[in-house]
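**Student:** So the chains spell out like this:
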Amino acid sequence: MIYLTNARLIDPEAMTETEGSVLLDGGVIAAIDGDAPEGARIIDCGGKVLAPGIVDLGVQVGEPGARHKESVRSAGLAAAAGGVTTIIARPDTDPALDSPEMLEFVTRRAREASPVRIRHMAALTKAREGREMTEIGFLLDAGAVAFTDGDRVCTNTKALNRAFTYARSLNALVIGHPQEPGLSQGAAVTKGKFASLRGLPDVHPMAERMGFDRDMALVEMTGVRYHADQITCARTLPALERAKANGLDVTAGISIHHLTLNEMDVGDYRTFFKVTPPLRSEDDRLAMIDAVAAGTIDIICSMHTPQDEESKRLPFEDAASGAVGLETLLPAAMRLYHSGGLTLPQLFRALSLNPAKRLGLPQGRLSEGAPGDLVLFDPDAPFVIDRFALRSKSKNTPFDGQRMEGRVLATFVNGVQVHDAGL
Amino acid sequence: MSFRARHLLGIEHLAPDEIMTILDLAERYVDFNRRTVKQSNALAGMTQINMFFENSTRTQASFELAGKRLGADVMNMAMAQSSVKKGETLIDTALTLNAMHPDLLVVRHGASGAVNLLAEKVNCAVLNAGDGRHEHPTQALLDALTIRRSKGRIRGLTIAICGDVQHSRVARSNLLLLGKMDNRVRLVGPPTLMPSGVAEFGCEVFDDMKAGLAGADVVMMLRLQKERMDGGFIPSEREYFHRYGLDAEKLAHAKDDAIVMHPGPMNRGVEIDGTIADDINRSVIQEQVEMGVAVRMACMDLLARNLRAERGARAAEVMV
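Protein chains in written order, with the working numbering: chain W, 44 to 466; chain H, 2 to 321.
Chain W extracted, bound-state conformation (with noise of 0.2 Å):
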């Protein structure tokens, strides 16, 4: 049993803000509010704030084929200082996750290393190559919650039709990359003077909306429950409350980098500002963090790419794109908060809430019964990020050296502590 108490409790379906405590017991949310119980283990949370774990969708964790770049056990300790309580695994492994077998192995991995819960998605086609689906079926029984191919965008768009059809009638969801591919081949940033300057390949952002588009009619087609991984353009935000606006079953996230972050951070070849999609303009920055606070965007993720030194060191055309951010989403979000951007209930909605709903999940709110899966932090404390403190294998994070404010003080999980930073 733990008594957080005096804690500022961020509920993110009531979109409130309120003093109070929070009872753990059981693994869930016992009480809000009330009296401590006989040998609850108490803690004074300062006047800081508590709220419900982030369930971080979109995580590549590197087992298995990478466990070099990132293991079981560094993820789920990173993700534990991050304060994300759920982490959503991306099939993009190697080989990739598509079959039964292999989501046994994996959950098994997670159940044994890591301090966090880990929940899988499943690949959408097999080895993500967009000709034949997985076993959909079989895969859902094993526990999978989503189905992607990642960032490779399926252009047999026959196969994508079966795909979709057949996920639908188990009421599966899929999640995919809004991006036409033949125009962003070989792209390493978004289109503009930026680009230009550097001489670096580019690709407009129409091609996110023209593959957000192909997507919608597919989803029109065939009724599946879908969510777009990121989408970072202002240009598609018209597209994407048309299709919601219309019925569709469709839902649209973006990570932390596209809301912090603009094309200019690259600056002289910084091959640690290099993801996918590439960083976009001031503008679109400024749109989606609208886009956010209106509901249009859903969900707020890290998209955790870990990579090794050596894919990073390399000139940018050729460098590996990816971004760590399980340890730096919290932080980096408290940005946003901080510039009168967006307010803590409406983070949390977009970190917590809205990906377990989507997915189905129990979590991601702060209220009796809920799991007990909490963050408690102090969104001002200042400190500067130093990417070899980081718990990730893999330090490739754009925001090294930066001033942060906000810092995880502990995080809890089915009610018991996995992360202590001192109170």
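Take these hints with a grain of salt, some might be off.
Partial list, derived from the structure: chain W residues whose beta carbon lies under 10 Å from chain H [stated by the list, open to error]:
no.	residue
1	Gly235
2	Asp308
3	Tyr312
4	Leu329
Residues of chain H clear of chain W, computed beta-carbon distances all greater than 10 Å [claimed, not checked]:
no.	residue
5	Arg29
6	Ala100
7	His102
8	Glu238
9	Asp279
Computed list of lysine-lysine pairs in DSSO-like fashion (alpha-carbon distance at most 30 Å, straight line) [unchecked claim]:
no.	chain 1	residue 1	chain 2	residue 2
10	W	Lys236	H	Lys122
11	W	Lys355	H	Lys122
12	H	Lys122	W	Lys438
13	H	Lys211	W	Lys236
14	H	Lys39	H	Lys69
15	H	Lys256	H	Lys152
16	H	Lys39	W	Lys236
17	H	Lys227	W	Lys236
18	H	Lys256	H	Lys211
19	H	Lys122	W	Lys436
20	W	Lys400	W	Lys169
21	H	Lys122	H	Lys211
22	W	Lys169	W	Lys201
23	W	Lys236	W	Lys355
These aren't lab readings, by the way, just hints derived from the structure by calculation. Cβ coordinates follow ideal geometry from the N, Cα and C atoms, glycine included.
Here the structure of chain W is known, so what remains is to put chain H in place on it, guided by the hints.
**Tutor:** Coordinates of chain H only, in the frame set by chain W:
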């Protein structure tokens, strides 16, 4: 004299007075190069390594000659057929060479930003001899010197840069340099070969050659870089020549005393008519090659001075 940089990676970070310093010194090396005995000891005892990851004849020869005339020990490494083929990374190659204590590294690489990356890892001065589609600073400087000698100034001119701007590092460096010197820069070419957002650089963009050349003091032609294209940027070379190739008819729209430039190597009959290229009254293409050696000598001389000053300062610290 003002030139403070440790490396010469691009025009972007040069101040106008630094550009003028390079041009003024290069002017002296032009005279020097016309003597029968052309031997200086400005780089005596120093080692210059030319690393060309992309094949080059002209630029490499120009850098080699410049180094030798300044008294440096010059080594050419044909990187295209070396350990890079065995899978060595760019940074490992750089560290290996760095351990041999060169003083000047002249680098050409096919990827934009590769020379910047390499410069972070070595102790010597690095000269960018062209990186991807990014910059080719000595080309812009030699173009500026050629223009200044021909027009008597490098300010307030109308300069049309024509052709394959998209794939050209020469165009980017020239755009930056000529902009810093307060010239009116025009970019002329088919929209498929025009990079995005260039209008924001403060230049005018034309897709009609005659309109773009109207009243120009300088016509700078670019090579159509077929090797960098993955197909379909232009319908055919003959249509390209018809609409964008520089011939007497199109050149007539520029000023009567307009000069014609080309960074070479030329595709005669594609971007430029042979008779224009050979017209000694209009074409300064051969002069550009001559200026190239002088400008590279000036750049290496200045970088070597900074290197010596830096090392001297460090040695003095140790003594104290």
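**Student:** Determine for every hint whether it applies to the structure shown.
**Tutor:** Checked hints:
no., hint, verdict
1, Gly235, "4 Å, holds"
2, Asp308, "15 Å, violated"
3, Tyr312, "3 Å, holds"
4, Leu329, "19 Å, violated"
5, Arg29, "32 Å, holds"
6, Ala100, "18 Å, holds"
7, His102, "23 Å, holds"
8, Glu238, "24 Å, holds"
9, Asp279, "32 Å, holds"
10, W:Lys236 - H:Lys122, "28 Å, holds"
11, W:Lys355 - H:Lys122, "14 Å, holds"
12, H:Lys122 - W:Lys438, "19 Å, holds"
13, H:Lys211 - W:Lys236, "26 Å, holds"
14, H:Lys39 - H:Lys69, "10 Å, holds"
15, H:Lys256 - H:Lys152, "12 Å, holds"
16, H:Lys39 - W:Lys236, "44 Å, violated"
17, H:Lys227 - W:Lys236, "23 Å, holds"
18, H:Lys256 - H:Lys211, "12 Å, holds"
19, H:Lys122 - W:Lys436, "24 Å, holds"
20, W:Lys400 - W:Lys169, "27 Å, holds"
21, H:Lys122 - H:Lys211, "47 Å, violated"
22, W:Lys169 - W:Lys201, "15 Å, holds"
23, W:Lys236 - W:Lys355, "24 Å, holds"
In summary, the numbered hints that this structure violates are 2, 4, 16 and 21.
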